[in-house]
Structures are given as C-alpha cells and as structure tokens.
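S.K.: One letter stands for each residue in the lines below.
There are 2 protein chains.
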Amino acid sequence: MARKVGSVGSITAEAILNEACKLFARFGYAAVSMRQIAAAVGVQASAIYQHYPNKQEILVALLNNHMDALLEAWNNEVRDEDAAAALERFVRFHIRYHISRPDEVFLSYMELRSLEDQGFRIIERKRHTYENIAKTILRHGADEGTFSASDPHVAAMAILAMLTGVNTWYRSGGRLSQQKIEDLYVGMVMGSVGLTAVSKA
Amino acid sequence: MARKVGSVGSITAEAILNEACKLFARFGYAAVSMRQIAAAVGVQASAIYQHYPNKQEILVALLNNHMDALLEAWNNEVRDEDAAAALERFVRFHIRYHISRPDEVFLSYMELRSLEDQGFRIIERKRHTYENIAKTILRHGADEGTFSASDPHVAAMAILAMLTGVNTWYRSGGRLSQQKIEDLYVGMVMGSVGLTAVSKA
Numbered sequence: 000m001a002r003k004v005g006s007v008g009s010i011t012a013e014a015i016l017n018e019a020c021k022l023f024a025r026f027g028y029a030a031v032s033m034r035q036i037a038a039a040v041g042v043q044a045s046a047i048y049q050h051y052p053n054k055q056e057i058l059v060a061l062l063n064n065h066m067d068a069l070l071e072a073w074n075n076e077v078r079d080e081d082a083a084a085a086l087e088r089f090v091r092f093h094i095r096y097h098i099s100r101p102d103e104v105f106l107s108y109m110e111l112r113s114l115e116d117q118g119f120r121i122i123e124r125k126r127h128t129y130e131n132i133a134k135t136i137l138r139h140g141a142d143e144g145t146f147s148a149s150d151p152h153v154a155a156m157a158i159l160a161m162l163t164g165v166n167t168w169y170r171s172g173g174r175l176s177q178q179k180i181e182d183l184y185v186g187m188v189m190g191s192v193g194l195t196a197v198s199k200a
Numbered sequence: 000m001a002r003k004v005g006s007v008g009s010i011t012a013e014a015i016l017n018e019a020c021k022l023f024a025r026f027g028y029a030a031v032s033m034r035q036i037a038a039a040v041g042v043q044a045s046a047i048y049q050h051y052p053n054k055q056e057i058l059v060a061l062l063n064n065h066m067d068a069l070l071e072a073w074n075n076e077v078r079d080e081d082a083a084a085a086l087e088r089f090v091r092f093h094i095r096y097h098i099s100r101p102d103e104v105f106l107s108y109m110e111l112r113s114l115e116d117q118g119f120r121i122i123e124r125k126r127h128t129y130e131n132i133a134k135t136i137l138r139h140g141a142d143e144g145t146f147s148a149s150d151p152h153v154a155a156m157a158i159l160a161m162l163t164g165v166n167t168w169y170r171s172g173g174r175l176s177q178q179k180i181e182d183l184y185v186g187m188v189m190g191s192v193g194l195t196a197v198s199k200a
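These protein sequences, in sequence, are chains A and B. Count the first sequence with numbering that gives the first Met the number 0 and you get residues 0 to 200, in order. Count the second sequence with numbering that gives the first Met the number 0 and you get residues 0 to 200, in order.
What the simulated footprint calls covered on chain A by chain B, stretch by stretch (three residues with Cβ under 8 Å from a Cβ of chain B suffice, anywhere in the stretch; the number is not a length):
1. 26-40
2. 146-157
3. 163-170
4. 176-186
What the hints contain is simulated information worked out from the structure, not anything from laboratory work. All C-beta atoms in this analysis are idealised placements derived from N, C-alpha and C, irrespective of residue type, glycine included.
Chain A with its partners taken away, still in its complex shape:
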C-alpha cells in the first residue's frame, strides 16, 4: 500500500525516477505498477501521475536521461588527439561511467523491448549517437593506418559489448582495482584493433 510520508510538493520527478529505476531493474518493467513506485517514493499513486501520466513515460525519461548524461559526460572528456589515444580514453571512460550506474545500464539494455514506438525511436537515435563515437574513433584509426583495417561497425559493437560486460562481474572492493581493470581492457581493446597491447598488466 502507498504510504503518505510527504506532501505532493515535496516529491520530485527525480525521486520517482530513482525508485522506478531500482524497481524496474529488480523486477522488470512489465511487473512493476505505478502503485508500487508510489509506495517506494512514499506517496499516493495520484502524486506520481502529476509528474508522469503513465509508466511508459517514466521508462522513457529514465533511459533518455541516462543517454543524455552519458553523451554529455563524453563531450566533457573528448580531446583532439590521435586515434590510439582517443580509443584508450574511450575505453577508460566507458568502463568508469558504466560500472558506477549498474541499474541504469541494466535497464538501458534490457528494457528496450518495453519501449513503445516513439520512445524507442528517441532512445535508439541516442544509442546510435553513442555507438558512432566508437565507430568514428575506429574509422579514424583505420584511415591513419594505426588500426588494422576491419569493419568499424562490427568492431565498435564488439568493443562496446566487451566493455559493458564489466558490469556483469565487477564488484567494488573485489580482487582488482578499477584502475587495474581499465588497464587490462585497454590492453585487450588495443590488441583487438591490431595495436600492440599497451596494458600495464
């Protein structure tokens, strides 16, 4: 049951998104009700509807915010540098950004199936924008002659899957430091595009 712990005015769209993110990641989008989200936030369901007319808009907002923040974070990171340096920067950035947001990343991959047409198109476009960052670096490296000529689309998808996969096994405080993990992946990714592994391993 929804608990009434604050006035409508005291809840924010952000609190709704935070709780919805946790619930969707735990139970799956389709299994979570607006009532459950309201209970987790500590308000009546009606208060949720003042911010989001339906559950689908909550999902779209979550995935959209995640992609916007990711793209903006990369924009703050990118430098004018050669392809090998850019690829190393991208690898470290992607791992660091994703392992600190496990629920958002899980949802962003798993609940694409739950997006309706318009929301899907918005999120898909932003995902392509992000994938294109990796493709552009790889194409740049191939043009420079630094990277082995390969298929930049396939190579980008392979590298992104490899990097995001860290989320499936990484535990903070585990055997390896985040720095060491980044180093190992930089070495593997560099090798995968034909550069001598530069890992500090």
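Got chain A; can you put chain B on it based on the hints?
M.R.: The following block gives chain B in isolation, referenced to the frame of chain A:
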C-alpha cells in the same frame, strides 16, 4: 483465457518450456503468469501444474536445459589442439550457438535476478563451468607463451561479453554473413590476447 485445444496427455513439458521462453523473453519473468503460459500452449492452467509445480521451476528448467545443451555441444566440438586453434574454435562455436538461440540467451543473462537460491546455485555453477572453458584455453595459451600474459579471468569475461554481444545486433540476412562475422570476431579476439589478427577480413 486458456483455450482447450488438446488433451492433457498431448502437451509436453517441451511445449510449455518453448512458450514460457518466448513469453519471459518478451515481457520478463515476473510479468508472466502460469495462466498466460497455459493459454499460449493451448491448455488449462491445471495442465501446466502437472508438469511444473510453479513458475520458478519453469525458469530453472529453461536455464538449466540451455546450459546443459551448451556444455554438451562444446563437448562435441572440443579437440586436442594448441591454444590458438582452441580459441578460434571456441569463438566460432560461441557465436554460432548463441545467435541461433536469441530468446534463451537473453533469458539466461537477464533472468538470473529472478532465480531463487537453489536454482541460482545450480545455474551459476554451470555458467562457471562454461566460463572455465574460456579461462582454461587462455591460461593454456599464456603457459605456452602464445598469448600475452594477462588476467585469464578478466580476459575470459571480456571475450565472452564481446561474443555474446553479437546477439544484440545480429539479424539473419543482414549485411554480413555469419561466416564473415565469425571471421571478424576471430581476428579481434586473437588480437586481444596479443596474437596477430588472423581474420580473413
């Protein structure tokens, strides 16, 4: 509503698993009811309970069958050969096996969260058995001096994520043949462990 299209005897555990797999992959485990599974099979819900006492056992059976079939398929594939040849064989096997079973693979990764204790332990052990195939090949190559010394655990997880990622973008009949895709990944994986890319790209 459940439709009655056949006698109880005519439905098999296999039909239940097939329909449950599709429904779980589409809507998520938590959102699917035994009644929905029965309707998809075309029987009353009571007929489902004669095979599986609850939904959790259906999920465990699905994931368990998937892992058993995967491990058996690799056992039929494995040869006594050097680490580089074994790694190439593993890459081609993993891609081929997984892209032909998208729903099972999606569930096997996404619904680990929905397994209860005993089922989780069973599936987790079999997943480790499979991961250990890759780790053993990588350790073997490092011992031989063929592969660059790296962390076999991290390298195995990175390579498995990269390979399984094919499922997120591969469409049968797309721009690239399955053979070409395998070749590109063989090249990248070989490079990632410090071997010269041997891709036929």
